[in-house]
Amino acid sequence: MSVGLLFDATRCVGCGACSAACKEQNDLPLPIEAQPTAYTWTTVQAIAGTHMRRLCMHCLEPTCVSVCPVGALRKTEEGPVTYDAERCIGCRYCIMACPFGVPKYQWDRAIPIVGKCIMCADRVRAGQETACASACPTGATLFGERDDLAREARARIDRSPDCYVDHIYGLEEAGGTSVLMLAGVPFEALGMRTDLPRQSLPMLTWRVLSKIPDFVVLAGAFLFGIHWITQRRDEVRQATNKSGSDSENGTRDGGGTDAAGRSGRQGRRS
Amino acid sequence: MKVRIWPGTRPVPVGFWQGAFVLVLLALGVVTVLRFTRGLGATTNLSDEFPWGLWIGFDILCGVGLAAGAFTLTAVVHVFNLRRFEPIVRPTLLTGFLGYMFVIVALMFDLGQPWRIWHALVFWNPHSVMFEVAWCVMLYTTVLAVEFSPVVFEKLRLERPRRILHAISTPLVIGGVLLSTLHQSSLGSLYLIVPAKLHPLWYSPALPFLFFTSAVGAGIGMVILESYMSGRAFGHRLALNLLEPLSRAMVVVLSLYAILRLQILRKNGALASLNPPGYEGTMFLIEVGLGVLLPVSLLLFSKVRTSERGLVIASFLVVLGFVMNRLNVSVTGMEGAAGVRYLPSWMEIVVSLGLVAIGMAVFTLAVRFLPIFHDQPEREESGRFAHHMGPAEV
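Protein chains in written order, with my numbering: chain A, 1 to 270; chain B, 1001 to 1394.
Think of the hints as simulated: they come from the structure by calculation, not from any bench.
Remember, predicted model here, so these are calculated numbers, not experimental data.
A portion of the hints provided could be inaccurate.
[What the hints assert, rightly or not] The list that follows gives simulated cross-link-like pairs (lysine-lysine, DSS-like), each with its CA atoms no further than 30 Å apart:
#: 1; chain 1: A; residue 1: K211; chain 2: B; residue 2: K1197
#: 2; chain 1: A; residue 1: K75; chain 2: B; residue 2: K1155
#: 3; chain 1: A; residue 1: K211; chain 2: A; residue 2: K75
#: 4; chain 1: A; residue 1: K211; chain 2: B; residue 2: K1155
#: 5; chain 1: B; residue 1: K1303; chain 2: B; residue 2: K1197
#: 6; chain 1: A; residue 1: K23; chain 2: A; residue 2: K75
Could you put the whole structure together from the sequences, leaning on the hints where they help?
So this is what it looks like as C-alpha cells:
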C-alpha cells in the first residue's frame, strides 16, 4: 500500500496555506512565486473560475526516476518521489522528460540543483501527513492511502455529478500517479495535459534498453563471423593468386579470374 | 602578413581566419568564466520550460553523429576486409576522436555540476538511457584513442606497443563498432520517453534506428568533406576512386532512412501537419528535402559522384540535413509542447563555435605533425625523432 494526496479544486479557496507550509517544512526561501520554481514546490493558481494546485504528481512509475543516470530520483515504498541533491550531476534529463513538467532547476546558481515536491517524505515515513495537507483549512488537499483516496474521489463524483467533471486526474495518466485530482472544469482548461499516454512512460525506453545485452552478443558474433569469412576469402584469394601466377595451367589464368572476381565483388559491395 | 609570435621562432602567417580564431578563443575564455561563476541562467537561454538547448542539440547530438565516419570506415576496412579504403581510415579516426573530445568538453559546460561526472560510474541506473549514453561516451572515446594510438606510436617509432595493438585489433574494432552502434542509437532513445512532448513529425518508436542510420549516412558525408578540406589545405587531390563508392553506400543508407521515415509518418498520420506546413512542417520539409532527398537524387547521377564538386556539394547537404535533423528533434520538435520558443544566447553560440574552432585547429596540427595521410611524405622538420631513432622500421 502506498500513500498519496487527493486535491479537490472545488473545495480550494486559494488561501495559499499549502504553499506557505511547504516553504517552511522544506526550508525554502521566500517569496512564494506564482508558478512553481526550484524554490517554490507548490503553488495555488486562480484559473478558469476555480483554484488549481500545482505540485509533483508522484507517478507510480515515475519518468524522472527512470531517466536519471545516477539514480538521484527515487520512488520510495511509501509513495513519495524523492531527490538526492548529493548525487545529481545536473544533466536535467528529468526536467526534459517529466510528462507533467514538474522538476525545476536553480538556473540562477553557480552550483545548481533540482527542486521538486517530495511529498514531505520524512514526515510520511514518520507516519505523519504532508505539510500541505495538514495546513489546508478546507480539506481541499487530503492525505491518505492512494486506494482510499481513489474511492473517495469516485464517491464524490457519484454523489454530485453536477459539481465535477467525470475524471479523476492521475488515476491513469502516465500509468497512474500517487496524487489524484478532482475539478469542476475540464483539466485542459486548468493547464493540465490530458493527452498523456495511459501506459507508464519508462516502459518505452526499457523496451529498448533491456535488449542491449542480447544485441551485443548477437551483433558481436555476427561481426566476428563476417570478419572471419572475409579474412578467409582474402587469404584464399592471395593463395590462389600466388599459385595462379606460377601455375602450369595456361587456360586458368589466376590473375585474370582474380581481377574479375574482385571487380565483381566490388560491384556488389558498393 | 607574417608575424613573429616569439623572438627566434619562424614567422607565422596571420590572416582573417587566424584573427577570427583568436577572437573566438578570447570570447570563449570570457564565457567560460561567466558560465561557471554566474550559472546557466545568466549565460544561456535555457529555462525550466526548455532545459536542453544548443549544447545538447548541436554539440552532443551532432558531435557524436558526425564522428560516425570512424566506426563506419573501421568496420568497412577491418570487419568487411575492404582493404582499399585503408588510406582514409586514419583521418576518419582522428575526426572521430576529436568529435568525442568535443562532446565531452561541451558536456562540461552543459552539466549543472560537471565535477560530478564520475557519479555515472559509481551510481548506476541501467533504466536510464542517459546512463547508457554516459558509458558509451566513455568507453568509445577510449576505444577511439587506442585505435588512433598506432599513429602516434609510429611517429615515435615505438614498435612494441604497435605490435600489441595489432594483435588485439580485431576485437578492438568490433567492440568499437558495437559501442558506436549503441551510442548513436541511444541518442535517439533519449527521446523515446517524451511521446507527448516531441512533435509527431520526429517522434517515433523507431528513433534509435533512425538516429543510427542517419549517423552512418552523415558519417560518410563527413569523411568525404574532410578529405576534401584537408586535401585543399595540404594540396593533394580527392581520392575519387575511394570516395565514389563510399557515396554510393551513402545513397543506399540514406534511401533506406528516407523510406523508413516517410512510412512512419504515413502510419502515424503526422503528414497531415504538413498541410499547411506551419513552423514544424516547414522545418521538416527543409530538413528532409534539402538534407536527404536532394543529395540522394543528385548522387544517383554518376556525373555528380565522379566530379569533385558534385560529391562535395552533395556531402555538404547530407551533413547539413543531419545537423538540421538533430536540431529539429532537440529544439523545433520540443518547442510546441514546451510552449516557448528557444533561440540560443550568443554565449551558447560562442561556446559551440569556440569548441569547433579548437577541434579544427587540433585536426590541422595533428595532420601536420602525425602520419595521418598515407601518401604524405614525412617532412624533415616535423620528423624530429627520426634523427635519434635510426632507420625507419618496416
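Hint check:
1. A/K211 to B/K1197: Roughly 25 Å between the alpha carbons, so the hint for A/K211 and B/K1197 holds.
2. A/K75 to B/K1155: Violated, because 54 Å separates the two Cα atoms, which is more than 30 Å.
3. A/K211 to A/K75: holds, 24 Å
4. A/K211 to B/K1155: Given pair A/K211, B/K1155 is violated - Cα atoms ~42 Å apart, limit 30 Å.
5. B/K1303 to B/K1197: Cα-Cα ~43 Å, so violated.
6. A/K23 to A/K75: Answer holds: A/K23 to A/K75 is near 22 Å, not above 30 Å.
Violation of the numbered hints given earlier is confined to hints 2, 4, 5; the remaining hints are satisfied by the structure.
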